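With the working numbering, the residue at position 121 of the sequence shown is 121, and numbering never jumps.
By construction, these hints were calculated from the structure, which means they are not laboratory data.
Remember, predicted model here, so these are calculated numbers, not experimental data.
The reader is advised that the hints may include incorrect statements.
To be verified - Okay, derived cross-link-like pairs now, DSBU-like style, lysine-lysine, Cα gap no bigger than 30 Å in a straight line:
1) 73 to 93
2) 50 to 17
3) 73 to 50
4) 89 to 64
5) 40 to 89
6) 50 to 40
7) 40 to 17
8) 64 to 17
9) 93 to 64
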Amino acid sequence: MRNADVIMGIHQERGAKGLPLERVYRHTFNHELFLQAYGKIYRNFGAMTKGSTDETVDGMSMGKIRRIIALLKLERYEWTPVRRIEIPKANRKMRPLGIPCWSDKLVQEVMRLLLNPYYERRFSEA
Numbered sequence: 001m002r003n004a005d006v007i008m009g010i011h012q013e014r015g016a017k018g019l020p021l022e023r024v025y026r027h028t029f030n031h032e033l034f035l036q037a038y039g040k041i042y043r044n045f046g047a048m049t050k051g052s053t054d055e056t057v058d059g060m061s062m063g064k065i066r067r068i069i070a071l072l073k074l075e076r077y078e079w080t081p082v083r084r085i086e087i088p089k090a091n092r093k094m095r096p097l098g099i100p101c102w103s104d105k106l107v108q109e110v111m112r113l114l115l116n117p118y119y120e121r122r123f124s125e126a
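Sequences are here, hints too, so could you generate the full structure?
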């Protein structure tokens, strides 16, 4: 399997040239991407906030990453419904906020890591 930085470099080149992305879903099977995603979101204040399950960043392990990747390979990964709460706005009204479970946050960050280099180059002014 390719290095995560190599994959993101390829996506960046394809975005700059206006070429379509290929095999993006297959790239979600890369352990390195999950570790990079974990590194980006684990220290976030919201990482300890429970979503619709009791799962938080504390329960993270390589075994859990392997289970998520195995479910993705089998196309059996199921998104968990978010926990919905209301938070106050400055004008004293309330607004809804959705809090996903930790595994969903991690998979979302992996997808963002994969797609961001492509679209950043494709839509930038440079």
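Structure-inconsistent hints, enumerated in ascending order
1, 2, 4, 8, 9
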